[in-house]
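Novice: Chains as they are written, first to last, in numbering that gives the first Met the number 0: chain Y, 0 to 666; chain V, 0 to 523.
No wet-lab data here; the hints were simulated from the structure.
A few of these clues could be false.
[As the list claims (entries may be wrong)] Selected chain Y positions facing chain V (Cβ under 8 Å, derived; list incomplete): (1) V69; (2) S73; (3) F142; (4) F190; (5) T192; (6) S498.
These numbers come from a predicted model, not from an experiment.
Where is the CB? At the ideal position from N, CA and C, for every residue including glycine.
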Amino acid sequence: MENLIALLVAAPLLGAAVLLCGGRRLDAAGHWLGTLLAAASFVVAAVLFFGMLGRGAEDRALHQTLYTWVPVESFRADLAFQLDQLSMTFVLLITGVGTLIHVYSIGYMEHDERRRRFFGYLNLFLAAMLLLVLADNYLLLYFGWEGVGLASYLLIGFWQHKPSAATAAKKAFLVNRVGDIGLSIAIMLMFTTFGTFAFGPVLATADKASEGTLTAIGLMLLLAACGKSAQVPLQSWLGDAMEGPTPVSALIHAATMVTAGVYLITRSGAIFDAAPTAQTAVVTVGAVTLLFGAIVGCAKDDIKKALAGSTMSQIGYMVLAAGLGPIGYAFAIMHLVTHGFFKAGLFLGAGSVMHGMNDEVDMRKYGGLRAYMPVTFVTFGLGYLAIIGFPGLSGFWSKDKIIEAAFAKGGTEGWILGAVTLLGAGITAYYMTRVMIMTFFGEKRWQPAPDPHRAPDVEPAAADDGRHLAAGPVGSPAAEGPAGHPAGELPDPHESPRSMTVPMIVLAFGSVFAGGLFSINSAFVHWLEPVTRFEHGHPPVSAAVITTATLVVLLAGAGLAYAQYGRRPVPVTAPRGSLLTRAARRDLLQDDFNHVVLVRGGEHLTRSLVYVDHTLVDGVVNGTAASVGGLSGRLRKLQNGYARSYAVSMFGGTAVLIAATLLMRAV
Amino acid sequence: MSFPLLTATAVLPAAGAVLTAAVPAGRRTAAKWLALLVSLGTLVLAAVVTVRFEPGGARYQLTESHAWIADFGVRYELGVDGIGVALIALTALLIPFIVAAGWNDADEPAATATRRWRPTQGFFALILMVEAMVILSFEATDVFLFYLLFEAMLIPMYFLIGGFGDRAHAGSDEHAAAQRSYAAVKFLLYNLIGGLIMLAAVVGLYAVAGNFSLPGIVEARASGDLTMATSTERLLFLGFFFAFAVKAPLWPLHTWLPNAMGEATAPVAVLITAVVDKVGTFAMLRFCLQLFPEASRWATPVIVVLALVSIVYGALLAVGQRDIKRLVAYASISHFGFIVLGIFAMTSQGQSGATLYMVNHGISTAVLMLVAGFLISRRGSRLIADYGGVQKVAPVLAGTFLIGSLATLSLPGLAPFVSEFLVLVGTFARYPAAGIVATTGIVLAALYTLVLYQRTMTGPVKEDVRAVKDLRPRELLVVAPLIALLFFLGVFPKPLTEIVDPAVRHTMSDVKQQDPRPEVEAAK
């Protein structure tokens, strides 16, 4: 059975290699090959899953060692896999949602002449992501970690003729690399502390190390998680990453890759449990990002960027839960899975809307689409109900548990965290209701297609005010998609083809039922318990009170959105808005800060260094050289030519050497 | 007496150089093929050396020893350890690609060709001559022999830089010639001064030890037969180290490299940074640490700081460059900082990593620089700003350039990651603060490579770029094997580490250093 694990990674890896090296001959069949191999990986995962269910709870982990990757003295990294319940959960999510999104992309990317390459990159992503969750040591995890970063870079920048896409891709990679510093240092600390960085020995002996060391490791792991999972302060890349094709946003930037940080923290639970300071940092990051993402999500008019803000916020919930320790790990992962369903579904729905609306992404130019795209409307609507935590749907079960666990943290901290998660639930209801109303309800506000000949980086007049000042790639919200549309024509919204709607329907089922199924007899918690351990949290107020409070803030948020967007017409041009709205549109000024401090500052630094290198360093060294070289200057007059003068110096030098040795012998 | 294999690996390219130079003026294609065949033959010999070398065997293998200048104790002594084998393999591997990549670089336009002037023959003869000297310098275990080679290889390099410049030049022909000549002279003067200082140290070493044999001196020092005053050892160490730090090059002695790599043709730039400069870092490991272990430990703090400055400074300057080739040169300065850091961290991970780094950096820089050279020869400009959207018109060229860039930023899965991480972890184990500073280099490397890729390859296609053709079969044949090797050594570096590790163990015991112990002994 364990020999199958490598197949999980090998199938999509083979697909990536064949599709990327295969050349144009594969253009006709490439997308089928890519989808088939993704599905093959899912089938293997299912086989392994049922095999795992057949064994006792403590006996489910499988190991497969291929060979020693880096063998240098005591430094030893194996290419080895570990498949336990936590990895299995991720493997099913990655291959399952991954296969659905491959299917969706067949239709979505139909008109793209580089579709084969797109599927090659998607396969590459699957292989890297599976490596990340299957690795049995931190260095191999790092391999997968950077691999998904590469796939994300390639896919965000897939339409790299657009400068905004190329810039967004680079930004995502760079910000992630800042996080990677954390992962690198954490691995080095593990090596110097434990002499190894394999999960087994490190996590088993974590409590023997000093708390200071563990805190340092924990904080470094948190830095890594912040980069990959777009948590404050490394969140700035996720909004720009929406430049990528929408299936990519659904798979990588919503359902799977961005949750890798939560995996990392949960996997390293034994380290965090023994380092309370690091845990406090984790819950703080989670709580701040939860609110940050939600506020940004409220202000965006670009449907994908609103959803991106929401993703940040939901991952904030997961990170917060993971920071709570054994009372939260299982719920963090449960929310991760349900979020994988409903957020992937929401993104695919957004892609379907854009597909029917000339690739328009500005929700102010949508409106009244429910009649034109019924399947999209219903599946998106179910995802919407799931994410806001409507009773009985998936998000209700998973989010409610996190709110309870936050209160159960105890003390003032518990009250603060509980309040934040409650507030977040209210804001979630607000921005998602806003998205729902602006897109599917109200009057039609459709606009003619943008001029395809317009330079892609020029902002349309109707774009958010002030965005042209924002740093980094802001991109044009109106130019997604490779296919140009005739300028000046009103969009003709239509339902998307079957290959796109079927994955949306499947994900909608998950959005509705997954949470409920997981909660029957706490099945999900018991499934993960052998890996993540589980303790019952005891909130200071009863669970019923918390659930009621959650429902109240939910209704308040949704009601406010209805009052603002449902009962009044939505202006096609965004109003100026309050100071907070304007700041939120610009990602709460994070990009402006980065631009002024890092980009501008960095440019000044490098420019002055280039000057210093050219004049000072070169000058001083040359000056020294010139004074020494005066000798050869005189020789040059005799010999004419540097090479000859050099030869003379060398022979002269040799003569000196011989003379010196002779002298030495004489003495 | 057995077949002198090591001598043969150097004699073959040297003889090939002479033959190539002798090819008549009208037959330059023959000269090219001759050079390629000779370099491939050398590669076969290097492969034999690699196979014959036993990792678990004696420290120096395949040894040869002959009296040479008996009066001064100079012997013709050769021998290889694992580090030498790895670098001989690298050199012999890269030269055929350098020859193939530079196939047409030295062809004069028909109008200026004369019967007597044979630039093509000269170009390839010089490359082979450099190969012979570099390989022999990796084999020499006699300090004097090494010194002679270390210096002599400057002469063919000087002519390669000064005589065969990059045709893509912004200024007039006279301006280009002046720039080229400046770069060549600067290269020569820097290395000459380093060499002269080393010469003084070589003389001094002889005065103390009475012979030039590296194994002999090391053994005598270890057994206590030969003692050195602390100040003497330190002075001699500095003399050697200075020459190697110029060649490597280490900040602040680096400024000759961007000039030389910028003005030389791309294959010659690869020859400089991927092959010739490795003699500097190799010699630090072989001569500085072995001959002067105490002084090496004494100088370590300063050298570690200089290496860190090189890493960060080289990377920041790479970010600020407007010329593609100068950018790669500054990136190399940053990478040489990593190599020196690994050597002087004095841990087995650091030194194994540094040796792997020398090999991997050679391959990755070759890919990046050669593809850059192909691109530059198409458009006729080295300026980054003159490019844009190349991936649209030449996707294969852009793809190989991206892989070269990703190797340069040490992406896991490609060979440089393994070596860079080993250097970092080896440094961190000894000097945590230095390890953390060096780790920031991974962000800067991503910055300068991806910015370069973005500006040249992505975005709308620039008018002058429209005519850029994709890679020709000859060019693809040059980069594809190197890329395959980057992948192979990235996921399976064991063949290399197996050869290198025993040599590192010897060096570690020479400098009397042991790896730091872990804080907690984890359950295995």
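Novice: Are any of the numbered hints broken by this structure? If so, which, sorted upward?
Specialist: 6
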